[in-house]
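Undergrad: Numbering-wise (the working numbering), the sequence shown opens with residue 9 and increments by one.
In case anyone wonders, no lab produced these hints; they're calculated from the structure. Ideal placement from N, C-alpha and C gives every residue a C-beta, glycine not left out. One or more hints might be untrue.
Across the chosen pairs, the derived CB separations fall in these ranges [stated by the list, open to error]:
hint	residue 1	residue 2	range
1	Pro39	Gly202	52 to 58 Å
2	Arg141	Asn201	36 to 42 Å
3	Ala317	Ala286	16 to 22 Å
4	Arg203	Asp77	43 to 49 Å
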Amino acid sequence: MPDTDNPPLDTRPGRQSAARRRRYARSASAPPLTSLTPPKWEMLGYLAELRFLSLPQLARLCCPSGREDLSERAARRHLRALFDAGMVDALPVSRAALAPPEAGNGASLLYGSAPNVYAPTREGLRALVRSGRSGEDVLKAPLPSYGPRNGLFLAHELLVRDVRVWLEGCARAQGHSVERWEDGEAAAIPLGNGRVVRPDAWFAYRMGKVVLVGLVEADRGTERGDRRWGEKLDAYALLFSGEELREATGYVNARVLVVCPDERRRDGLADLVEREAAPELVGRFWLAERDVLNSVCLRSPVWRHACSAALSPLIRH
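Just need the whole structure built from these sequences, with the hints factored in.
TA: The structure is reproduced here in structure tokens:
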């Protein structure tokens with residue numbers, strides 16, 4: 009009887025003796041990583057800041073190419089070396105955890121793999137500190153602990169990071185810069201009297217002398233009812249009526265950028281904002297489908313202003 013405990017072999021010519029890599033096991037035969045190339049340092053830097061990113065996100069950030077497959081292939085090589093050297097971990101995430109809402113609830117979600125999601129290890133963070141690329145503060149934050157039991161919110165967090173990846177791509181293509189980015193608890197803005205507005209992230213994006221401040225809402229369309237959005241509108245009304253925005257961001261104006269899974273959800277939320285928010289607040293909301301994040305242009309007419317059914321560019325100059 010054949011020994012079924014052995015891993016399957018690669019049957020490509022010349023590769024018959026090479027066993028298939030286990031996804032979450034480091035290779036004992038990998039050569040030592042004696043020095044890091046610029047893309048590897050860049051990957052570690054983004055992971056130190058954002059705490060985890062998917063393979064496609066790291067490919068767009070650190071290995072940009074006109075062809076997505078070549079970009080991801082290059083990123084995979086760098087990440088495999090970092091993984092084998094113990095500088096990054098691959099989070100054990102199921103395909104179902106990252107499936108879009110429209111994927112349904114079929115048996116297909118039980119099989120196949122989700123894109124790899126990477127997080128820095130303590131060794132990777134210490135390497136950044138030793139090289140002078142990061143300060144000691146990167147060692148203080150807890151490492152991500154997502155896994156099969158608690159991966160439900162990971163898809164939402166990756167959508168937030170998609171916005172950051174999009175901004176970096178726009179900045180690279182147009183000679184701009186992402187001046188500041190805060191997400192998670194660091195993005196929360198106190199409003200006084202115990203109240204807080206909690207965008208998923210906020211950023212300052214510099215275009216020469218002009219700065220766009222955006223408050224990010226990543227909406228996957230998984231919530232039922234309007235209560236949560238009603239609470240958010242109340243909190244944003246308070247934010248824009250006081251000095252808290254300037255105190256938090258350094259700027260007095262900002263837009264609320266809502267990223268939605270599809271056109272139907274975008275239009276539904278735009279109608280909700282127009283119906284429920286005060287007129288002076290409605291004009292601050294801009295909504296777009298997630299696919300918009302695949303481009304690197306802020307001037308494409310793909311954003312819906314909450315007070316208009318027409319699509320407009322996010323910036324016009």
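Undergrad: Confirm or reject each hint.
TA: Now for the hints, and whether the structure bears them out:
| no. | hint | result |
| --- | --- | --- |
| 1 | Pro39 - Gly202: 52 to 58 Å | 56 Å, holds |
| 2 | Arg141 - Asn201: 36 to 42 Å | 41 Å, holds |
| 3 | Ala317 - Ala286: 16 to 22 Å | 20 Å, holds |
| 4 | Arg203 - Asp77: 43 to 49 Å | 47 Å, holds |
The structure fails none of the hints (numbered hints given earlier).
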